[in-house]
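J.: Each protein sequence line maps, in turn, to chains X and C.
Under the numbering used here, the first sequence has 405 at position 405, and the numbering climbs by one with no breaks.
If you want the numbering used here, it's the position in the second sequence, counting the first as 1, plus 1000.
Heads up, some of the hints might be wrong.
In silico lysine-lysine, DSBU-like type, Cα no more than 35 Å apart, as pairs [what the hints assert, rightly or not]:
hint	chain 1	residue 1	chain 2	residue 2
1	C	Lys1490	C	Lys1338
2	X	Lys143	C	Lys1301
3	C	Lys1452	X	Lys143
4	C	Lys1568	C	Lys1301
By construction, these hints were calculated from the structure, which means they are not laboratory data.
There are 2 protein chains.
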Amino acid sequence: MVAARADCSRRKKNEEADAVTNDTDPATVERAPRLTKAAVGLVRPVIEGVRPQVDCGRYPAKASIGEPVIVEADIFCDGHDALSCEVRHRPPGARGWTSVAMAPLGNDRWRATFPTKDLGRHRFQVVAVIDRFASWRRDTLVKANDGQDVAVDLALGAQLLTGAAVRAKGVGRRALTAYAEALAVAPRGLETTVAHDPLLSEGAPLRTVADLLQAPELEHLLWRTRDLGAAAVGPELAVFVDPERARFSAWYELFPRSAGMRGGRHGTLADVEARLDEVAAMGFDVVYLPPIHPIGTTNRKGADGGGAARRADPGSPWAIGAREGGHTAIHPELGTEKDLASLLRAARRRGIEVALDVAFQCSPDHPWVREHPSWFRHLPDGSIRYAENPPKRYEDIYPIDFETPQWRELWDELAAVVGYWIDQGITVFRVDNPHTKSLAFWEWLLAEVKAKRPEVIFLAEAFTRPRLMYRLAKIGFTQSYTYFTWRTEKTELQTYLEEITQPPVSDFFQPNFWPNTPDILHKSLQEGGRPAFMQRLILAATLTANYGIYGPAYELGENVPARPAPGKTESEEYMDSEKYEVRQRSRNQPGSLVPLIALLNKIRRENPALQSNGSLHFHPVDNPNLMCYSKSVKEGTGDDNTILVAVNLDPFNEQAGWIDLDLKLLGISYDQNFDVEDLLTGSHYTWRDRSNYVALRPNVMPAHVFRVART
Amino acid sequence: MVAARADCSRRKKNEEADAVTNDTDPATVERAPRLTKAAVGLVRPVIEGVRPQVDCGRYPAKASIGEPVIVEADIFCDGHDALSCEVRHRPPGARGWTSVAMAPLGNDRWRATFPTKDLGRHRFQVVAVIDRFASWRRDTLVKANDGQDVAVDLALGAQLLTGAAVRAKGVGRRALTAYAEALAVAPRGLETTVAHDPLLSEGAPLRTVADLLQAPELEHLLWRTRDLGAAAVGPELAVFVDPERARFSAWYELFPRSAGMRGGRHGTLADVEARLDEVAAMGFDVVYLPPIHPIGTTNRKGADGGGAARRADPGSPWAIGAREGGHTAIHPELGTEKDLASLLRAARRRGIEVALDVAFQCSPDHPWVREHPSWFRHLPDGSIRYAENPPKRYEDIYPIDFETPQWRELWDELAAVVGYWIDQGITVFRVDNPHTKSLAFWEWLLAEVKAKRPEVIFLAEAFTRPRLMYRLAKIGFTQSYTYFTWRTEKTELQTYLEEITQPPVSDFFQPNFWPNTPDILHKSLQEGGRPAFMQRLILAATLTANYGIYGPAYELGENVPARPAPGKTESEEYMDSEKYEVRQRSRNQPGSLVPLIALLNKIRRENPALQSNGSLHFHPVDNPNLMCYSKSVKEGTGDDNTILVAVNLDPFNEQAGWIDLDLKLLGISYDQNFDVEDLLTGSHYTWRDRSNYVALRPNVMPAHVFRVART
């Protein structure tokens, strides 16, 4: 006998924080009345399919601060009674629930939204009761219209109002009592004029009983005094509200050791600080640094990771730990904690956050290898197992053994590492290969961190299988790298984007699109030249609200791959990879993409449509090399904004074709002229109706980024 | 910290019934080893998306006895380790779990099936562990192929096998120890020939270590000794296994009072018995009788429900209860309990079950009105509220008030009614308007009944909104009436069928298609004449495995509607409705559909493809009036059978067109001849490849029902 439960969550104890009637705000948002314990046999509404709901409520959905959370549910009951449905929600730390009335969408679906003014875990649940007065009113009006005698019905209505009056206080009680009396003394039916209006002052025009029954004042009084005695209560669910940067960000990855201005010198954090103006001018708001910790010397890899290091080779920053320290130390050649603090201050002045890399693995020289040998796996010959992906071997790296019996101690130490950098002022982390470490650990760690510091952002670098990638998002990673880097054709891009920007995936997964990384120089960039770099940049910057590039390799169009590994014909690694050496470039090269990058980031900042993903829609084009999509911010939010992008996906040839626009989505009437302004070039076009022509030359500008002006 | 839980169910206590190693069956099905309690931090596999799973496991899925249950789940872990996944299942009353190994389907999806030999609630859950030996073997083979030294790896493998030996007993322990020794003494690598084969008798050909590692015998020994110490355990879910008739049945509804052979005489249960041979000859296996209880006289309705009854009017059988008794009494004019027992015996001899109507409502003369006034709603004027659907009034019926404070007593009494008829031998019930009664009550009642009598079938007559209709199926109704009665066009039929015959809906909802009922004479039948009756009959009998007709109105093609209600232009009610009077027909009328009905039911019995719904597939036809679909029983079940139906949906004109067959689904190769035999006419056709032509004349035979012969 579990009729009063909905879905899978256990019924919460019904004794809730005391109701506080919010007398200053007579709208639909108010403190929720007390839920009292009802006999399950008398609970009639059913609540199903509440959303957002990730894996049966096992994980919170994600939301962005300031954006209202849309809650929907299927709610119905036996028979034909009307329902009163509400969403109760509770921001982190709040003492009581606040209620918002839900509105029916048809087909038994109901919706309400609640605001997100605080970061962190907000709880919510759907509550539904029979609306006896609304049911009575509907039936009575129908019977009266049909000419039936409604004297008994009016007496019944008076009973219902008297019952509501008992639950009210002060003015409300007096008003409801007056309404009840008006019904009780109206034996001639609904058209009886009431002797005095319960709410209007003396002298106001008198009204009929039928008018009174439909008065908004009565509606509001009844909502305030609703009886939750036999309420159905949905599962208690959660949304985690992230900072705006979790939803909308532009990342720039650079190797600090390459940031030095003079040839060959090992760059420093101070050099990074000196480059901040350039980064800010390009419009990025996150600068991500690969690991800044001491690098091991044992089995250090040489150029392109190929063989043993020569003396001058600096090693991979991901081979973390040396005599100078481990995950909480800074590589001496990069600088000191003071330099980092200075960098963070300088960045923040420019609206930029510095993201550090969390790579939980060790070089053989890491202090943990000596201090905590049980955190590593020992082989039958007494050696410690190094990383391998057979037949590949990474002798410069020892993976941490998350199956150690000392896992609790290990978890605490790893959490302390993250805590250490948060204390240094870091609020954004890029996590290296989280899918190769314990998922249980991440779930615990992220919960621990976010409970205290909900503003901290974690980007998961998990280029892995879909289920595992999604699981990381569910267990708390804020953003995720994606398959975008390998999706280049129209159909695969559209299919992928539709999957990740719509529920259920978009409820928990926030994509961050990278056209390149230090590990991935995709074939399309190797072969497509500057037009390909432009295309991929524009796609990343406009398809999803979070994107990033690995620079200066990207803006300089570096496209020479490493030699293929033995037995392979291709490589996605960079030639002379920065992972293994210091690389300094002349950044004033002709053909640099810096101006385009700066323009795209400006367009993103100025157009709210590009700052979230939910509205992404693809419009058919009759050419497989042309892709067209729009994003818009809904009307009525004060930020009415629609962006329409057309991209030529072919880096070699001009492509032209007809777009078949979904005009309704763009807010354009059929058979109407409308203006589109290309924000990349400043050109204006007047378009008409749904079919419109575009032609794009990749070597000039492979895309239009139109702002649509509704006329 | 909840990493070891999957989805929403709470982790079950891990101490399970003792493991019993089933030594007689070395296959993949066996008693499951004990699950021991693991530190949550060490549980690495993740189990998500287990199916079948209805509303997060809140309700059991439905299955049919003898049909294996297919369980699937997404299972994966961090990193690259191999997994060992299994489904543990437990039939009703079983003491321990039985395990079946799951096989990977790709993309982290796994599948297993388990058999259903018993009626009732079967439980199951998915369990997954890291397969350390398989992971080790895969990596070691790759490294050996790459020419790397695997001496340390072989020692590691020997450790794993020694660990397995510790968990084994007797012969298994000795064999595993021998395997471990073979690895330990193979320092030269995987191609070392073993000195003696651990499993083969002396004198058998010797094998290499690599051969041994991949021996099925070792595989099986390792499965038997798998370590579930850090297993992930999915939610405990359930499937309710129904009798075959729940899945596959043909219903015939008749009014017993009309079953008399002579003009005007009130029919009896004995008259129904006398008609059983006709019903059996038509091939039906459920005879459903509208309520057989005493009928109230107060406010009794007259002909066509229009006004007050004249003296001779028998009243509606749904106005239940009179001086002679209520829901556990038989209307005296129909006969006695003895007559019912005789009818049931005679029916069962013919393979027919008699279904009674459960209509929980009362006439004003029902004994409950006097004995339990609190079960009805009293109005302010002291009267009892009669049923109404404003502006319509049903003064001959008092609805039961499920919100009575005496609901527990009410529930017990209603359950006693059902129990009473079960004790009389009834195992099939058609429930009248269950959606207008308490859902909590039904959930409780159905659980109570089925716990003791899992063979009992309940058909929900809930012509209501989709969510509510589905909810009734979830809470335990075996079958449901559907919207088929109103779906006549190709697109709406296909869309609806695809919704209800595929998961998630098909996991809990079993449709029963009725082309007519005593309440519904659809416009298409009113206007389409005999061809429409043939079309709708063929659709109902072949689209879903459960169907029924209200006869003899259907086989006689009765198509005259009642006069429209005031203000309406159409009526779906029958003229001279049997609901309000005794109707006797000459059943030997020319044009009777009896031969077609008998043939269709024969075809259904002889073709297993028509006995379930999951394989239903629509094939495109280039004519909107022609619909084509197939059903098949999969190869390898011993019942290889494919039925292909083409129906002309236009009752007035011949329609012809080209079908574009999905040949793969039919088991036909491209560019191949195949034979189709029309089971309605006996005609054979040789078809070729995917495009084939049909032409159907509605007044001759509006459909082909082909059996496809694969050559």
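J.: Determine which of the earlier numbered hints do not hold for this structure and return their numbers in increasing order.
T.: 1, 3
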